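S.K.: Sequence:
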Amino acid sequence: MEPQDQARDPHSVPSARPGTPAPPLTRPAPGAVHGRRQGDGPASAYRQQWRRHRHERGPRPVIDPSLDADVAWTLRASPGALRAARAHAGARHPAHTGRGGHGNGHGNTAHPMREAARRARRNHHVDPFTVFSVVAFLALVAGTTGVGGAVLALVIIGSIGAVRQATRDLGNQGARRKLRLAMEHGDRFVLPEDLDHACQELLRRTQDAVDSVLASRVNQAGLIDTIDNRVTLPEETWRVAVQLARLSAMNAEHHRIVPRDLPAEVASAFAPYTAALDAAFESLSARVRALEDYAWRVYRADQVYRAFRQLEVLAERTPEYEQLLADVVRDELAAPHIEHLSDQAEQVRALFRQSIDVAREAGAHLLAGGLTPATPDVPAPPAPRATPGPPAAPEPRDA
Numbered sequence: 001m002e003p004q005d006q007a008r009d010p011h012s013v014p015s016a017r018p019g020t021p022a023p024p025l026t027r028p029a030p031g032a033v034h035g036r037r038q039g040d041g042p043a044s045a046y047r048q049q050w051r052r053h054r055h056e057r058g059p060r061p062v063i064d065p066s067l068d069a070d071v072a073w074t075l076r077a078s079p080g081a082l083r084a085a086r087a088h089a090g091a092r093h094p095a096h097t098g099r100g101g102h103g104n105g106h107g108n109t110a111h112p113m114r115e116a117a118r119r120a121r122r123n124h125h126v127d128p129f130t131v132f133s134v135v136a137f138l139a140l141v142a143g144t145t146g147v148g149g150a151v152l153a154l155v156i157i158g159s160i161g162a163v164r165q166a167t168r169d170l171g172n173q174g175a176r177r178k179l180r181l182a183m184e185h186g187d188r189f190v191l192p193e194d195l196d197h198a199c200q201e202l203l204r205r206t207q208d209a210v211d212s213v214l215a216s217r218v219n220q221a222g223l224i225d226t227i228d229n230r231v232t233l234p235e236e237t238w239r240v241a242v243q244l245a246r247l248s249a250m251n252a253e254h255h256r257i258v259p260r261d262l263p264a265e266v267a268s269a270f271a272p273y274t275a276a277l278d279a280a281f282e283s284l285s286a287r288v289r290a291l292e293d294y295a296w297r298v299y300r301a302d303q304v305y306r307a308f309r310q311l312e313v314l315a316e317r318t319p320e321y322e323q324l325l326a327d328v329v330r331d332e333l334a335a336p337h338i339e340h341l342s343d344q345a346e347q348v349r350a351l352f353r354q355s356i357d358v359a360r361e362a363g364a365h366l367l368a369g370g371l372t373p374a375t376p377d378v379p380a381p382p383a384p385r386a387t388p389g390p391p392a393a394p395e396p397r398d399a
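For the record, in the sequence shown the residue sitting at position 366 is 366 according to the UniProt record's numbering, with numbers rising by one throughout.
Hints in this document: simulated from the structure, not taken from any laboratory.
It is possible that some hints are incorrect.
Restraint ranges, calculated between C-beta atoms of paired labels, are given here [to be verified]:
1. Glu-316 x Gln-220: 18 to 24 Å
2. Thr-232 x Asp-68: 18 to 24 Å
3. Arg-353 x Ala-215: 21 to 27 Å
4. Arg-353 x Ala-279: 36 to 42 Å
5. Phe-270 x Ala-221: 49 to 55 Å
6. Gln-310 x Pro-272: 56 to 62 Å
Treat the numbers as computed from the prediction; the structure is a model and nothing was measured.
All C-beta atoms, glycine included, are put in the ideal place defined by N, C-alpha and C.
Taking the hints into account, I'd like the entire structure generated from these sequences.
M.R.: This is the structure:
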């Protein structure tokens with residue numbers, strides 16, 4: 001998605017950071033970069049291909065991949081707890097730490113936990129209507145069946161109430177545990193609400209590119225093994241998300257501090273700060289384009305791999321085709337046809353090997369820290385060579 005389309009994208013997640021009003025999207029500064037048009041290239045072609053078979057969607061929360069697997073699974077399955085923890089000003093935040101997830105931002109979790117406990121206790125108040133209904137029911141039972149029936153009804157009602165209370169307590173304990181985990185690891189996840197509109201778009205593009213690579217057949221088959229994508233790509237997504245959260249926080253602070261209408265005499269004094277934010281955004285945009293470039297090359301390799309697998313199925317039946325040609329076509333014409341079948345199969349195999357090599361080189365370049373892979377694009381499949389015709393029909397000469 002091009003930046004000029006962001007303002008009218010109905011699928012993007014709006015910026016709604018708790019307690020912090022998002023900067024207006026119509027204001028270009030600090031970010032003339034935010035309005036720059038992305039250049040053409042493999043990444044642009046990848047985005048066009050992606051739009052054809054993916055619905056637009058907002059970014060998802062990002063969890064630090066270095067977290068314990070059980071903790072990460074609990075946080076990922078509890079988006080409500082993540083947002084509740086983020087709503088507290090004293091909680092940890094990835095944008096306020098020197099290093100994504102392991103900085104020195106220590107939030108006070110005791111006070112929010114006490115508030116959650118008080119809210120839970122308030123939810124456990126006794127309903128007078130329920131008490132009146134139970135007493136009236138017991139009186140009715142005692143009047144119709146005697147004291148024994150009333151005692152039996154009281155035991156049944158008490159058992160049902162005990163089971164409901166135990167179930168409610170277990171649910172509250174689980175909710176408190178999830179909230180406590182989210183508060184303790186507040187700097188180990190990034191929410192879409194932590195980002196402004198432009199940074200949300202970059203995070204979504206990053207996640208789309210990573211999802212495309214991990215879901216590709218060549219990756220699942222282990223054919224692009226230069227980097228361990230299941231380890232490296234989630235780490236790269238986390239690093240990008242943390243930097244985007246930090247940039248969004250500084251961008252919001254910049255909008256709060258810098259007045260909208262600067263006098264011309266002092267505007268130059270604010271220019272270095274705006275330029276720093278622009279440079280950071282451009283650097284992150286280049287990193288995302290590099291990920292999309294890599295995803296595009298993997299996508300191309302996946303297409304060739306699919307054709308290669310289909311060709312392998314036909315290759316198993318090559319003897320049947322050879323026998324058909326030998327039985328139907330004269331011997332002097334059957335040999336060129338059979339040779340042509342072998343040549344075409346070898347061309348597809350060579351193209352498949354070349355596309356895998358290109359994807360591996362792009363992944364290695366990305367892992368080394370390059371912003372734009374310099375490897376050549378995957379070549380288009382060769383045009384099918386004309387099948388030799390009968391000797392009586394010579395090829396026309398060029399004029």
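S.K.: Run every hint past the structure and note whether it holds.
M.R.: Hints, one by one, checked against the model:
Checking the proposed 18 to 24 Å range against Glu-316 and Gln-220 shows it holds: the Cβ atoms sit about 23 Å from each other. As the Cβ distance of Thr-232 to Asp-68 is approximately 20 Å, the hint placing it in 18 to 24 Å holds. In this structure the hint that Arg-353 and Ala-215 lie 21 to 27 Å apart at CB holds, the actual value being about 22 Å. Take Arg-353 and Ala-279: their Cβ atoms lie about 40 Å apart, and the range 36 to 42 Å holds.
Between Phe-270 and Ala-221 the CB atoms are about 53 Å apart, so this pair conforms to the stated range of 49 to 55 Å. The supplied range of 56 to 62 Å is met by Gln-310 and Pro-272, whose beta-carbon atoms lie about 57 Å from each other.
No hint from the list above goes unmet by this structure.
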